[in-house]
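Protein sequences, first through last, are from chains L and Y.
Residue numbering for the first sequence follows the numbering used here, starting at 1 and increasing by one per position.
Residue numbering for the second sequence follows the numbering used here, starting at 160 and increasing by one per position.
Errors might be hidden in some of the hints.
To be verified - Derived lysine to aspartate or glutamate pairs resembling DMTMM-like cross-links, with alpha carbons at most 25 Å apart: (1) K1243(Y) to E69(L); (2) K1135(Y) to E1098(Y); (3) K1243(Y) to E152(L).
Honestly, the hints are just simulated from the structure, not real lab data.
Each chain, letter by letter, is given below.
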Amino acid sequence: MVTGLINENPIIYPKKERRVRTDSNNTDEFAAEPIDQLEIFDILSLDIKDPEHPYSLEELKVITEDSVEVDDETSHVRVTFTPTMEHCSMATIIGLCVRVKLMRSLPPRYKIDIRVAPGSHATEDALNKQLNDKERVAAALENPNLVEMVDECLLPSDE
Amino acid sequence: MVEPNQLTQHLETFVDITRSPTQQDDSLRRIASSLENDTLSINQLVREMEMYLTTTDDVVRARGILLLAEILNSLKQKPLDNAIVHSLIGFFTEKLADWRAVRGALVGCLALLKRKNVAGVDVLAIAKAMIQNVQVQSFALLERKLCFELLECLLQHHSEAIITMGNLLVYATCEAIDGEKDPQCLMVVFHLIELLAQLFPSPSGPVASDASDIFDSIACYFPLHFTHTKGDEASITREDLSRGLLRAFSSTPFFEPYAIPLLLEKLSSSLTVAKVDSLKCLKDCAMKYGVYRMKKHYGVLWSALKDEFYSSTGTQLSFALESLTSPGFEMNEIHREAVNLLQTLVNQDISFLGFVVDDIHINTVFDTISRHSQYKEMPDTSKLDVLVISQILSVSAKASVKSCNIIFQTVFFRLMNILGIVEIVSTGDVFPKGNSTVSTRLYHGGLHLCIELLRASKDLILDFEEYSPTPGCAQESWCSIVKSFSFPLIQVFTSAVRCSNNDCAEDVYFGVKGLLAMGMFWGGSSPLSRSEFEKILMTLTSIITAKSAKTVVWELALRALVCIGSFIDRYHDSDKVMSYMSIVVENLVSLASSSQCGLPYAMLLEATSEVCSTGPEHVEKMVQGFEEAFCSSLSDFYVTGNFKSIDNCSQLLKCLTNKLLPRVAEIDGLEKLLVHFAISMWNQIESCGVFSCDFNCREFVEAAMTSMGQVVGIALVESQNSIFQKAYSVISSSILPAMESIPLTFAALEGLQRDLSKRDELILSLFASVMIAASPAASIPDAKSLIHLFLVSLLKGYIPAAQALGSMVNKLSSGSGGTNISSDCSLEEACDIIFHADFALEKKISSNGSGPSGLAWIGKGLLMRGDKRVNEIAQVLVECLKSSNRSGHALHPSAMKHSADAFFILMSDSEVCLNRKFHAVIRPLYKQWFFSSTVPILESLIMNSETPLSRTMLHVALAHVISNVPLTVILDNTKKLHPLILEGLSVLSVDSSEKETLFSLLLVLSGTLTDTKGQQSASDNAHIIIECLVKLTSYPYLMVVRETAIQCLVALLELPHRRIYPFRRKVLQAIVKALDDRKQRVRKEAIRCRQAWVSITT
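Bound-form chain L, shown alone (with noise of 0.2 Å):
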């Protein structure tokens, strides 16, 4: 078994300042707000925690709002994330959070990729197909394992 964390000490950066939502389309009833970048950035980073530390993704800077690519009319969503350590071991279990919170989340019509940054990991092409196939994650899903562990990270914070 592992005896010690991966990635011991991580380093922390303050979160950024929300990006203030314009609330003038609010007034009209029947106007469609599609599924931006932004709702889905706060999707990910609220609940998320890092499987490691107490932290968000976001204070770690594994997700950034820039890294969530969204099309609503095609009903398509990738997000690119960045592993703290280029050996992480976690980032499969980061990538299936991200995909499970996603699952649970958004409208059963998106499809939805998944991808570690270009560079920022070892074994980059086989996590990326790892984290796509869909037979694998619902493989990995039926593991009590690493369902508990994935929960775990998934539970809501206290904000």
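Fit chain Y to the known structure of chain L by using the hints.
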């Protein structure tokens, strides 16, 4: 009488450590009380206790001694014989050496020392025993604290006895406090040092000789670091401790050689707390140690202080409206403390100023300040230079008159030179340039410095005037310097303000700020002449009147004028009051009444009301001006039909309502002025004939009604009466006679098709608003005819008339009681007239939408005073909702809708009528009363309703009643109401026009779900509640409904697991759809809800 064996029992209880603390306290109290009322003497007690006090059993002895000590402690008020005190002290002193029983000994000594009749010998004995036998730091917390308190008591109350101990005392104290860490003890320790310093003030005394040692023992606590916020030390905060430490530091000048270097060293630390504490402490020490001792540190102090100014100042200079009267940059705590220290030092010793004035850096800044003209072009370092130096110079100038003189003498000429105001003649003398040319380039750095200096000198005058009654500033040299430059300075600032380029917003800002600084010199000792002051006012006023759009400079100038105005008002400067009145106030007011200026009327009104709100005289002027303006505009409209005039009238009234009325309580006499205004409104309307053209003046009528209502609302009863008289005379000469002739019969009303003329409508509306706002004590002339008038207008669909009627029935006194004779009509008579017209009303309802709401207003008036007759009105309304009424046929759908909405009027709180502001008679719990009488009727009708329309409308009415009653009432009846609410929700969700009603009903439901009282019934009805909520999560017409429904679903998870688990699948299916909602807020709630429902598992 305490029996001997009873006493023994008490003694045993206290000494036995296995007994509970309450039992022990109890026995202690009993013994003490028997001593108090002399049933037991001290001698008896001590004899009885002998065994406990002398036994070799350590525990029993310690408890015994403690008991005796505690008894003495609780007998503080009882005088004791000298001999007894002496022998007791002897005993306790001896026991101080017995470390096992030391607590009792300490408590005993302390209790005895607090008595008046302690001999010096005894005190000395205690002190000696304390010094010889007590090792303070080896004890536990409680004993240590007692030791320190004992020392404190000795030093504080018995100083003359122990002063002879000298060095020994100081030495022992140092030893005792060495290494103390507990906050409570430290508070005492810091005080001990202070007391010691007071006791030995002589330079040859023990404190002076041991200063180094004493200081060492407290120096280690600086800067104080204490982060505990909770726990039993809650009473002690970091601030208390730090203050105690500062007092100890500054307690004696003998600490100076050790304290100042330490504080300077800590000042250079990077910790904010250390810096702030050091600066505070340096300030206290500087005052306490005296000029002589501080002098040798000046050089180091100055450079440290300058560094602090530099590090605590940012480079952001604010050009905002709010910073016109402040230095214009953010100040942190370090900066504020640095300012205090600098001011103290300069104030205490003028020679410190030498360091400031001769500082090479400051002098080079003056040479480089003119390199950049624009502030934003300056590099950050020069920005910082300018801000810091302006701050340092102005703070020093503010310190004293002397320092102000020196600063002005040394720097002001140079500044004037930079700004191009002064010319240096070849002989080296300086002369202000005449009113010839002013430099074309404005140097922002220089301007800022100059303005800050002027502001500092202004503050100095104010301080000065507050302390000495004779104005003596005029003779001071700084004053004459400012005087000699005042004319060109005003010119420079004026030209900056007048700058018309686009990129000179900062020029303008500096200009206005400069003029403001110049305009705020106080009274007799002002360096400005009256004409100069007036010139400033004229410049600022002309900016306001000249601009035709709301620009930055306009707002700045207005703000500056308001500042000057409130300044003058605050310091009662009679000369300036006159200038301000004639130049600013009268000018603006006359513009407002002539409306002949380029400025948009709204801006003119804003400027006038802002400026005039600075003082009561100004307000008076303004109300009079507004009155004139109103009258002339209105008559202009009548004569020429100029729409602009009537528009001006409405704006004027709005300004009056929004700006002035809220301040009635603050300004004396405003009420009278406003009443006068209201009466002249009536006069004007009376004298005007018919409108010359047909013009939809809805806006004007509404503004007039609001103002009239509000004025009457705040007026006293006598004033209300006079307004009533005036209004009645107007109405009786116009529409009243015509109306009175119309009988209240259906036929007569049917034939009455002609609408009111615009003028009549205005008069009627205004009269209604007077009626609405009047207090119950006001006398209503000719009430019966008025009721008739209002009834007729109501039947013609005129709602304000209905509100006036509601207000009348609410406030009229009820007949026979005879308490109120001011009215010629009692409630009973009024009701008779109104209900007699019932027949006509009921008919009218079918053809006219305003019928039910008019009826509802009357009903509301009755309901609020708790009158039973409201039921008759409710009856009429309910009748309209039935699918077939008495005559056998259903009403028109829109009439039913109006009748249903009438319940909203009945139940909700209104802003326009029948509220506290308008003196409504309100019976407590009237809503509950109506709720309990109406709901059963509506409920049974819903059961028996035949058509869907009728059922919907009954539900709308019920929803209004339910959602306007306090939630506690609902919670008491959830069992009965839940099915009704749920049925209502599903019925209302069909029609988009009921979305608001639906939402308020849903809020009631959510209230019942979150309260424990409602949860039992919610649990019983879980299946229908969930079904209903699931349907509402896709309600298309209102986003908040979907959002609230989802929140309710989350709230349902509080119910027992077995009740909700069966619906998990159903809820999740609905929520997945909500995840794709078109509104972001709904999606966010859906995510939360889904997470919550997913996580309930078997």
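Each hint tested on the structure:
Only pairs whose Cα atoms come within 25 Å are accepted, and K1243(Y) paired with E69(L) is accepted, the gap being roughly 19 Å. Restraint check for K1135(Y) and E1098(Y): satisfied, since their Cα atoms lie roughly 10 Å apart, inside the 25 Å limit. Restraint check for K1243(Y) and E152(L): the C-alpha separation of about 21 Å stays at or below 25 Å, so the hint holds.
The structure is consistent with each of the numbered hints, conforming to all of them.
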